[in-house]
Structures are given as structure tokens and as C-alpha cells.
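Could you put the whole structure together from the sequences, leaning on the hints where they help?
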Amino acid sequence: MTVWIERDLCDGCRRCVKACPYDAIAIEDGKANISERCTNCGACLAQCKKEAIQSDTVPKQIPDFSDYRGVWVYAEQRDGVLAKVTLELLGIAQVLAQERGQKVSAVLLGDKVESLAPELIRHGADHVHLAEDPSLEPYRTLAHVKIVETLIKAHKPEILLIGATHIGRDLAPRLSRRVGVGLTADCTALSIDPEEKIMLQTRPAFGGNVMATIANRYSRPQMATVRPGVMETRIDEQHEGTIIPCQVRIDEDEIKTKVLEVFQEKRKHTPITDAKVIVAGGRGVNGKDGFELLRALAELLDGEVGGTRIAAEKGYIPTECQVGQTGKTVRPELYIACGISGAIQHRAGMMNSRYIIAINKDTDAPIFKVADWGIVGDLHDVVPELIRQLTPAR
Amino acid sequence: MNIIVLVKQVPDTTDVKLDPKTGNLLREGLNSIMNPEDRHALEAGVCIKERMDGRLTALSMGPLQAVDVCTEAIGMGADEAVLLSDRAFSGADTWATAFTLGKAIETIGPADLILCGRQAIDGDTAQVGPQVADYLDIPQVTYVQDIERIDSTQAIVKRQLENGYERIECPLPALLTVIGSMNTPRYAHIGRMIDACKEKARIKVLNAADIGVMTSQVGLDGSLTHVVKTFSPDFKRQGKILDGAKEQAVSELLKNISKSDAATACKAFAASCELS
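Sequences listed follow chains W and X, in order. Every letter in the first sequence is one number past the one before it in this note's numbering, and letter 166, counting from 1, is 491. Every letter in the second sequence is one number past the one before it in this note's numbering, and letter 64, counting from 1, is 81.
No wet-lab data here; the hints were simulated from the structure. Backbone N, C-alpha and C fix where the C-beta goes; we use that ideal spot for every residue, glycine too. Just to be clear, a hint being listed does not mean it is correct.
Covered stretches of chain X (in silico footprint by chain W; criterion: 3 or more residues with CB under 8 Å from a CB of chain W, positions within the stretch not fixed) [stated by the list, open to error]:
id: 1; stretch: 101 to 114
id: 2; stretch: 139 to 151
id: 3; stretch: 165 to 178
Pairs of lysine-lysine residues, derived as PhoX-like cross-links and limited to a Cα-Cα distance of at most 25 Å, are as follows [unchecked claim]:
id: 4; chain 1: W; residue 1: Lys-428; chain 2: W; residue 2: Lys-481
id: 5; chain 1: W; residue 1: Lys-686; chain 2: X; residue 2: Lys-263
id: 6; chain 1: X; residue 1: Lys-246; chain 2: W; residue 2: Lys-343
id: 7; chain 1: X; residue 1: Lys-272; chain 2: W; residue 2: Lys-409
id: 8; chain 1: W; residue 1: Lys-385; chain 2: W; residue 2: Lys-481
id: 9; chain 1: W; residue 1: Lys-375; chain 2: X; residue 2: Lys-246
id: 10; chain 1: X; residue 1: Lys-120; chain 2: W; residue 2: Lys-581
id: 11; chain 1: W; residue 1: Lys-343; chain 2: W; residue 2: Lys-356
id: 12; chain 1: W; residue 1: Lys-356; chain 2: W; residue 2: Lys-478
id: 13; chain 1: W; residue 1: Lys-694; chain 2: X; residue 2: Lys-120
id: 14; chain 1: X; residue 1: Lys-257; chain 2: W; residue 2: Lys-686
id: 15; chain 1: X; residue 1: Lys-66; chain 2: W; residue 2: Lys-581
id: 16; chain 1: W; residue 1: Lys-653; chain 2: W; residue 2: Lys-613
id: 17; chain 1: W; residue 1: Lys-686; chain 2: X; residue 2: Lys-272
id: 18; chain 1: W; residue 1: Lys-522; chain 2: X; residue 2: Lys-246
id: 19; chain 1: W; residue 1: Lys-385; chain 2: X; residue 2: Lys-246
id: 20; chain 1: W; residue 1: Lys-374; chain 2: X; residue 2: Lys-246
id: 21; chain 1: W; residue 1: Lys-601; chain 2: X; residue 2: Lys-257
id: 22; chain 1: X; residue 1: Lys-257; chain 2: W; residue 2: Lys-694
id: 23; chain 1: X; residue 1: Lys-246; chain 2: W; residue 2: Lys-356
id: 24; chain 1: W; residue 1: Lys-613; chain 2: W; residue 2: Lys-686
id: 25; chain 1: W; residue 1: Lys-343; chain 2: W; residue 2: Lys-374
id: 26; chain 1: W; residue 1: Lys-694; chain 2: X; residue 2: Lys-272
id: 27; chain 1: X; residue 1: Lys-272; chain 2: W; residue 2: Lys-601
id: 28; chain 1: W; residue 1: Lys-522; chain 2: W; residue 2: Lys-428
id: 29; chain 1: W; residue 1: Lys-385; chain 2: X; residue 2: Lys-272
id: 30; chain 1: W; residue 1: Lys-613; chain 2: X; residue 2: Lys-263
Written as C-alpha cells, this is what we have:
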């Protein structure tokens, strides 16, 4: 496949330049020009209003998928406890199913796990396909692949969602190849295209610097793994569903791997560069006690504690948690700067955080200029209040 | 023991610069590097090869400039390297990539052990490894943090979980995807790198015909998923100062967060916002 420009037709409108995911098109002398960077991805083709972009590919035929129906969720469980992401997936599955006028099904695999079915139903499953067998516990790739594959072939769902956990990211790609369908990893948004009625799958790429929306037109089910913590659960205590038990015929020889032991470790500190939430402190933090306060907030948010160069030099935080020009560059989802004025050297290390909250006594502190939300006040008053309001009432 | 390690050349996404005006990614001047986790896979492979008197082939797919990672792989101890390069391979999704790599492994293999990084830093999908394993119909273990024992028939490995790890016994041939905490990769040996650049370099370049695939099966044409659009995440700051008493300011803050997608970024916030 090759993509080229018919220069006579091109009016230099730049639509293709914006559409190109690879920065491969530039306007030269008022006409679009495709450079060597081009990967022939075809993203520019539809954008051109003048039909000046030509390609030698024959458009692929989309097969008839009208007999594929239903939105499925792989119900991940370990030791009889459902993964949180499973319930989140059932939430978005309800939204997708409603738009498509279809039902939501959960696929539950394990040994003696029927007791989990009511929870799946409360969270939106109309059907629970239940496969119980000692060989399905704990999770092993080829065992679960085989059962889900058999179910897909028998029931032909239109959409299959799997949590992007260590299990989901092991199962999904293997399953997709086995069933012969495309797969999109780590989605953060899912929706139904109003015209094509296909699932649009949005995910971050390039280390989170670019968002890409991906479609899976040529195979069914449309499969995606979804990042935990992104989708909302929807509970309906009155929701009714049915349990559909399925036969498990699987040979130990087919599974090949054996799980010898499972070890649970205490929560370890994540490196600050990987943390989703960072609570950082600077000169305004009142010594060790102050940082204890920040640590309490960080723990509540499942985050890590960072700080400025001063905080590291005074020994309140380890050097590897220093954020800034001479420390680490971080880009968490949420950065809470407490008692940090926001010198350029510090901002250099945290500017690319998704959301920034600043708490500082000084109204004129530069940190407020880069913050999404700021509270002017003493962090030793504000942080305890935050902790109080964040702590669930018991 | 025949070992194949899959290595990918990727742009160094940790060094990404954004256009200060548009917020778009600046691709100019982005360095190309060997995918970090693939480097750990290579180190693991070289260690096993040295211990068990095996043979290690590094296999990569990409434009001709990806020959750099082949050279580096030889520098780190690979006996030879194979680069799959063909205009027809470009624009491939993980499905088409796994098919191409699978075909290539059939061509240059068979292998007793296939190693690769868990995921590449440009796409972060972690899909190609398991898909190659399925194509070859061999077992897989992903997120491998340690290879405890390995002989010609089986391996015992530690697989990382979110809250610990599991020990898995896996018969060979198998495909393992490894994570960064597994080992410390050695530096490439300069002498070996120089040799790898010479005329008789042990680097082969194969195209679509060499591995026996039709161009309609690979690259963008052979892909099942397609990019509909790309856009820059919106990093615009709201710069909102919340005044008033601390109780009010804090509850105002939580309200603001719960209305934005920061709430989904951090479930603890969302949960407590619902409560308050």
C-alpha cells in the first residue's frame, strides 16, 4: 500500500497535516507533501475534501456481523474475590449495551465461585456464564483462554471487555489471537460510534503524550482491555439476571503450565516516577511532623510522597523522591503541592502532571499559576481538613 | 538451547518534548533506543546462553534504521541478529506484527525459548508477546520477574502480580515476557559492536518474501484494528483559586475534582466525593 498526493487537486488546506499521527505531511509551496515518515496508515485519506490524497489499497470489505450480539465482561476473580475492575467494566458495559439495545453478560471462571454471581448481577450483568472446575483456579493462561474461546464461539458476543490487570493483559492478547480478532490495550474511554455503531476505543499512547482512538471494524467480538480505576460502577440492587452454567472439559495436558505457589507481598512503595498520585512538600512544610501529615494524605490516595530539593537536603524525603530539575521528572495523574512556592527548577519536574493542586500561604506563589486548583492557606490546617473530608464515614 | 529474543527500536518517550503553544508532541530530535524491557530480555537470554552453551538470535522488525538495535544486541552477546524490514510491514497493529514475527520465527527457528520485554514504551500494549506465543502454539508466561531454574525441558519462573508474585512451572518451548526488575543489563561490548558493523556482520535483513507472507497479511492491510484519530491530551490549567474557610475551600476543591476526570484518575477521591 502506498499513499500519495495529487498536487493539482491539493488546495493546501492542512487537514491532512493535522490528521497525520506520524507528522509525515507538511505543506510545501502551498501543497501537501508526504515525507519518508509515512507509514501508509491512511488516517489522512478521509480528511481530504478535494480527494487529493490517493491510495492504491482496495478498501477492505466489512463482513456481516449482524448475528453477533451482547456486551461481555470477563469477570476476573482471585481467591473468590472479584477484581474491582470487573465491576467497573460492568458499569461501562451497561452504557454500551443500552446504546446497542443488547444485554450485558459476565463470564465467571474459577473453582466454586457461583456465590460471586449475585454481585455481578447487582452491578449490571443480565447473564452470568459460569464455568467451575478445580483446573480453573488459580488463573492459568491456556485454561481460561480455552473456556472463554469456547463460550465466544457458541454465543457470538459483539463486544468483550477485560480489565487491564496482570491477568487481563495475559489473557486478552492470547485470546484475541486464538479467536482471530483485533484487540486494543489499556483503554481509558469507550463509546459507540453513532453512525457506524462500532465501539470507539480511546487509549493513551507514546508514554501518555498522545491519545489515540481505535476502531476494530473487521472482526468480532470487538475486544479491549480497560485500565482499572477509570470506569464507573453502576449498582442496581433490584437488577435481575440469570446464571448459565457451562460444561468444562479441559485436560491438564492442554494447560501446560503449573502454578507452584502464590506469594502475597506487603504494599511496596512505587517509585515516584510511576506513582499515579504524588503529595509533595517544600519549604512551607513544618519538618518531620509536617511530612507525616503529607504521608497520611498520600496513603489515603494510594500515592507517594515527594518534595523539593530543600526537603531532600533536610532529609525529610529520600533523594530518589526529589522532584525537579535536579531530581526526578514526574507526570502523575494528580500532583498535590503543599507549601511549595513553585520555583522554575521544581516546576520543570512536575509541569506535565495531569492535574495539579496547590496549597500555599502566599497568594502570589508562582505554583498557583501552574495549578488547576489552589487553596490559599496553611497546609497544616488544609491537609488535615482534606484528610477529614476524604476519610469515608464509618 | 536455541534462544530467540524479540527486540524493538522505539522512540525514547521519556524524553518527549511538547510544543509549548499547541501542546502537540514534537517528534523532531527524538532519540531511537532499544526498548528498555527488551534489553532485560536480552540480558536474561545471554545469561542462559552462556550457562547452557546455547545460541541466541535477536529478532527485530522495523525500518532499516532499526539495524542499530541489531548491532547493539550483538554487542550485548547475541550470536546473530535478524531484522524484518519491508515497506509492506509498516502500520501494523499487534495482530499483524505477531503474525509477521511468528512467520519469521518459523523461518529462522525453531526456538526452545523466546524472550521479549513485557511491553514497548511507544505503544504500551503488552500484546505482541502472547500473540506470538499463540501463533506458535507454545505456552507463555508474562510479567516474568525472575527465571529461577531452566533446563532443556522446562523453566521455573516468578510471575509478578499486583500484590506479589506466583511461581510457575512451564514446559519448553515457551515464550516469556520479562519486566525491568529482573536483572541489570550489561553494556554492549564495543569490539563486538564494531564487528557487527563490518561487511561480514552477522545481521540478516529479511523482507516479506523471505518469510513467505503476502503483503495483504501484514502491515496496515493485515491489521484488524485501525487508528481513527489521534489528539493531544488537554493539559490546560484552570488556575482556579478557592477562597473561604478551610472547610468550605476543601469541599469546593473536592467538588471540582469530582466534576473533572481527575476523579476517575484517582478512585479514592471519587469514592469520598460521593460520600461527602
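Okay, the hints, checked on the actual structure:
For the stretch 101 to 114 of chain X, the stated coverage by chain W holds: 7 residues have a C-beta nearer than 8 Å to a C-beta of that chain, and at least 3 were required. Evaluation of the coverage hint for the stretch 139 to 151 of chain X: fulfilled, as 12 residues show C-beta separations to chain W shorter than 8 Å, against a requirement of three. Here's how the stretch 165 to 178 of chain X fares: 4 of its residues keep a CB closer than 8 Å to some CB of chain W, so the rule of at least three is met and the hint holds. With a CA separation close to 12 Å, the supplied pair W/Lys-428 and W/Lys-481 stays within the 25 Å bound.
The hinted pair formed by W/Lys-686 and X/Lys-263 meets the criterion: a straight-line CA distance of about 12 Å does not exceed 25 Å. Between X/Lys-246 and W/Lys-343, the direct Cα distance comes to roughly 10 Å. Compliance with the 25 Å bound is thereby established for this hinted pair. Distance check on the hinted pair: X/Lys-272 and W/Lys-409 sit about 24 Å apart at the alpha-carbon level, within 25 Å; holds. For the suggested pair W/Lys-385 and W/Lys-481, the alpha carbons sit about 22 Å apart, so the restraint of at most 25 Å is met.
Restraint check for W/Lys-375 and X/Lys-246: the C-alpha separation of about 19 Å stays at or below 25 Å, so the hint holds. For the proposed pair X/Lys-120 and W/Lys-581, the alpha carbon gap of about 23 Å is at most 25 Å, so the pair holds. The suggested pairing of W/Lys-343 with W/Lys-356 holds, with an alpha-carbon distance near 14 Å, which does not exceed 25 Å. A hinted pair counts as satisfied when its Cα atoms are at most 25 Å apart, and W/Lys-356 with W/Lys-478 does not qualify at roughly 50 Å.
Proximity of W/Lys-694 to X/Lys-120 is assessed by CA-CA distance (about 54 Å); at most 25 Å being required, the pair is judged violated. Pair hint X/Lys-257 plus W/Lys-686 holds up; C-alpha atoms about 15 Å apart against a cutoff of 25 Å. Among the hinted pairs, X/Lys-66 with W/Lys-581 is consistent with the structure: their alpha-carbon atoms are about 24 Å apart, no more than 25 Å. Taking the CA atoms of W/Lys-653 and W/Lys-613, the gap is near 21 Å; set against the 25 Å cutoff, the hint holds.
At most 25 Å may separate the alpha-carbon atoms for a hinted pair to count; W/Lys-686 and X/Lys-272 meet this at roughly 22 Å. Proposed proximity of W/Lys-522 and X/Lys-246 is supported: the alpha carbons are some 17 Å apart, at most 25 Å. Between W/Lys-385 and X/Lys-246, the direct Cα distance comes to roughly 19 Å. Compliance with the 25 Å bound is thereby established for this hinted pair. For a cut-off of 25 Å, the pair hint linking W/Lys-374 to X/Lys-246 stands: about 17 Å separates their Cα positions.
Of the supplied pair hints, the one linking W/Lys-601 and X/Lys-257 holds, its CA atoms being roughly 22 Å apart against a limit of 25 Å. Between the alpha carbons of X/Lys-257 and W/Lys-694 the distance comes to roughly 9 Å, so the proposed pair stays at or under 25 Å and holds. A C-alpha spacing of about 22 Å is found between X/Lys-246 and W/Lys-356, which places the hinted pair at or below 25 Å, so the restraint holds. Annotation: proposed proximity of W/Lys-613 to W/Lys-686 holds, straight-line Cα distance about 19 Å (limit 25 Å).
At roughly 14 Å between alpha-carbon atoms, W/Lys-343 and W/Lys-374 fall within 25 Å of each other, so this suggested pair holds. With a C-alpha separation of about 21 Å, the suggested pair W/Lys-694 and X/Lys-272 falls inside the 25 Å cut-off, and the hint holds. Distance hint between X/Lys-272 and W/Lys-601 is fulfilled; the C-alpha atoms sit about 20 Å from each other, no more than 25 Å. With a C-alpha separation of about 16 Å, the suggested pairing of W/Lys-522 with W/Lys-428 holds against the 25 Å cut-off.
A threshold of 25 Å between alpha carbons decides the hint, and for W/Lys-385 with X/Lys-272 the separation of about 48 Å lies outside it, so the pair is violated. The suggested pairing of W/Lys-613 with X/Lys-263 holds, with an alpha-carbon distance near 23 Å, which does not exceed 25 Å.
In summary, the numbered hints that this structure violates are 12, 13, 29.
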